[in-house]
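Visitor: Each chain is listed here by its residues.
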Amino acid sequence: MGNCCSDEAGGRAAMGGASSQNPNVPNEAIDHFLKSRGYHGLFSQIELSYSAADLRDRDVLSKSDPMLVVYKKGRDGLLEELGRTEVILNSLNPTWIAKHTITYHFEIVQTLVFHVYDVDTQFHNVEVKMLKLDEQQFLGEATCALSEIVTKSNRSLTLDLVHREESARSTRPRNLGKLTVHAEESLSSKTTTEMILRCSDLEYKDLFSKSDPFLIISKEVENGTPIPVCKTEVIKNDLKPTWKRVFLNIQQVGSKDSPLVIECFNFNSNGKHDLMGKIHKSLADLEKLHSSGQGENLFLPTLVGHDYHNKVLLCISSILRILNYIKFFAFSLRLLNIMQILKSQLFVEKFSQSVEHTFLDYLAGGCELNFMVAIDFTASNGNPRLPDSLHYIDPSGRPNAYQRAIIEVGEVLQFYDSDKRFPAWGFGARPIDGPVSHCFNLNGSSHYCEVEGIQGIMMAYTSALLNVSLAGPTLFGPVISNAALIASQSLANGGRKYYVLLIITDGVVTDLQETKDALVKASDLPLSILIVGVGGADFKEMEILDADKGERLESSTGRVASRDIVQFVPFREVQSGEISVVQALLAELPTQFLTYMRTRDIQPLSS
Amino acid sequence: MASTFLRTLEITVISGEDLRNDRRPIKKNAFAVVRTDSYNSRRTDMDTDGGSYPKWNQKLVVDMSMHAQFITLEVQCKTSLGDKTVGTARIPVSDFVGGYVPESYLHFLSYRLRDHKGERNGIVNISVRVKVPEYASCSRTELGIPLGMGVALGQRNFGGGIVTGVPVLCNYPGKY
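For the protein sequence lines, the chains are A and B, in the order given.
Counting from 1, position 46 in the first sequence corresponds to residue 46 in this note's numbering; the numbering is continuous, with no gaps.
Counting from 1, position 57 in the second sequence corresponds to residue 57 in this note's numbering; the numbering is continuous, with no gaps.
One chain only, chain A, in its complex shape:
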C-alpha cells in the first residue's frame, strides 16, 4: 500500500478518521487533516429558505403573485444573482419552497440582497429563470450580511422590505411588508461515528512470530482504487487484536450507506504490508454487525491467497451470511467466484454516532466573539501632522493604514459581537504631561477602555492622535496582559465569550521575551491575537510569534504555548483580484476558536 508510510514509528500509529473526539487531545493533527483537504472547519454549506409577510397587493382582481430573487453583493458593489424562487400565486404571506445553498466564509462580509417581485399572470407559464425582471412589478428589497443570520439563535432574520433607492425619494415611505430569511447548516457534515473494531483467528504471516495486524478503511469509488480514509494503529504479535477506537465523519465517506472496504494488513517495516483479508461494508452494515454481536468472515481475493496452511471450507452458513450482508446480489456472486473465505472474522465492539458542533453551532448557541484593538503610537510612525507619517489623517478622507486595518477587520468581526462595545488601547506614547504609557485607553478616559462601534474606535483614534505625543519603545506585553485579564474576568463571570485582540504596529517589538511570556499565558484563555504590520519595516521578528511558521512559543520560565493563538500579516496594498490581507488574517480564527471550545468539551447552548 503506497499510502502507508514505511517509517516504522510513524507507520504504526493510527491515522485519519474524522476527528479525535477525545476532549483532552489538542487536535492539531485533525486541523492539519482538515486543512489538507481544503476545509478549515469554517466553510459551511448553508441552505437559505425564505418567507414573507404583509406584502403589498399590486394586482387589481387578486392578490400579488410574489417571487424572490437573491443576489450576492460583491466588494465592488455589483450584484450577482444567486437564484430565484418559484412564483407563489395569490399570496401576501408566501413561504417559498425553493432554497438556495451558499458557502459561508467567516473572514469576509457576505452581503445578500433580496428583491421581491409580483409576477403578472401573463408570465405564469414562463420558466422563472427566463423572466425579465424589469417587466415585473417590484414589491420591495432588503439586504443583510450572511453573518447576521447565522449569529441569530434561531438562525432566522426578519428584514423590513424597502423601496429601491431611487424611488424612495419620490414616494412616501410605506409599509412594504417583511422578509424572513432562515439559514440552516447541512447536518450530515457534522455527524461522526466512533467504532472499536476487533478481529479473531487471524493468520500467521511472520516467520518467527505472530502477525502485526492493522486495519485500513477506504471509501470505494466508482471505477478507481479505493481512497483510504482511516487507519488503525499496529498491534504487535496478536492474532485476535482489538484496536483503539476509530472515527469516521459521515461527510468523509459520503453517506452512511456508501460502501467501504476494510482491509487487514500485517505490518512490515519495509512498507510492503501483507494483506490478511478484507471485507466490504457500509457504515450502516457495520452498525447492524455491532447490534447482532456477530462476526463477519474476511476474505482474500484468490490472486493474493498464497497461503496453503489455511484452507477454508466454503460452508453453507458462511455463504448465507455473506449473502445477507452484501447488498448487491450479483456482485456478491462474482466475488464468491474469485475469493477465498477465511476463518478470520471482524467484529464491531462499539458503534456510536455523535454530532460534532461546528463554529456556527457555537455562534447560534450563544457564544460571541469580542473584538479589542491596540494601536501603536511609537515615534517611528513619524509625526502625525506630516503626510509621510503612517498616522497622517488625510483631510481628503482617504484612510491611513491604521484606519484601513481597523475598518477591514472590524467590519467582519462586529457582527459577532452583540453589544458592539470594543476595548481600544494605544501603546508607546506619552499622554499629556504623563510618562510613556504602554497601554492607555484610546478614548482618553482613565476608568473605562470601551468605545461604541467601529465608528467609536475611529473617533477615539483620531482624538488620541491629537492628545498624546509619540514616543517608544514598542512593547506588546502590557496590552496582551490587559486583554488576557479581560478574557479571564469574563470566564470568572461565567461568560461564553471568545476574545480577539487586533494589534496594529509599524515596527518590531522591543520586549520580545515579555511578549512571548504574555502570549504563552494567554494561550490557556479564550483569546486570539491578530497582529497587523503597517509600513515598510522588517517584520521578521514578528513571524516568530506566529507559531505556524516555526516552533511553539516558549516563556522564560519554560512554559510553552498550549496552542497557536497568534496570526501575523504585513499589511500591504492589495492588488485587485488578490486575496485580501484581512481575509488571510481572519481565516484561522474559527479553527482557533473551535480548538479552544472542543478541547475543553464546551458545548453550545441548544437553541
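No wet-lab data here; the hints were simulated from the structure.
Note that CB positions come from ideal geometry on N, CA and C, so glycine has one too.
Nothing false has been slipped in among the hints.
Pairs of lysine-lysine, DSBU-like flavour, derived with a Cα cap of 35 Å:
id, chain 1, residue 1, chain 2, residue 2
1, A, 244, B, 59
2, B, 28, B, 78
3, B, 55, A, 244
4, B, 55, A, 205
5, A, 236, B, 59
Pulled from the structure, derived: some chain A residues nowhere near chain B, Cβ distances all over 12 Å:
id, residue
6, 125
7, 184
8, 196
9, 396
Starting from the known structure of chain A, fit chain B onto it as the hints suggest.
Guide: Just chain B now, with coordinates in the frame of chain A:
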C-alpha cells in the same frame, strides 16, 4: 479534616514531544511521573508505540498541599538498564491556581522538559483541573482569601511515626 489543607488535582498527562535520550529519539516505554511533594506522586502507564512522541492521555488524581509553590513532572523511560529520567518540568502552581479564572477551570498547559544537565529535551502537554468540592465551589479570590496563604499541611503519620507539621500562621503573622 485533612482535605481542608489539600487541593485535589486532576492532571491529565496528554502527550510528550521530541523526547531524546542522549540526543537519540527514544524508541518506546516512556512514562510520566507527577510529584506534588515527596509523599504524593502518581505515574502514567508506559507508552509502547508512540516512540519519541508518546501519547498517554491518562488522568492522574493527586493531592497537593495548599501552600505548594511547584509541582514537578518527570518523563522517564524504561530501558534494559532500568528507569532513566528523560526530562523534568517544574510547574508553578500559579499557572493553574489564582488569577481571575474560575478555580475549577480546565487549564491546558505545556512545558519544556530539561534533562539532568539542564539541556532542553522535548515538551510535555498536560491539562490540569483543580477539583473543587461542591459546597465550596465559589472562587477563593472572590472571598478575598489570599492565595497560597500559610495553612498547615496537616499532621500525617508516615510509618516511622515522624510527624510533619508546618506552623499555621507563619506567613501572615499580622493578619490574625
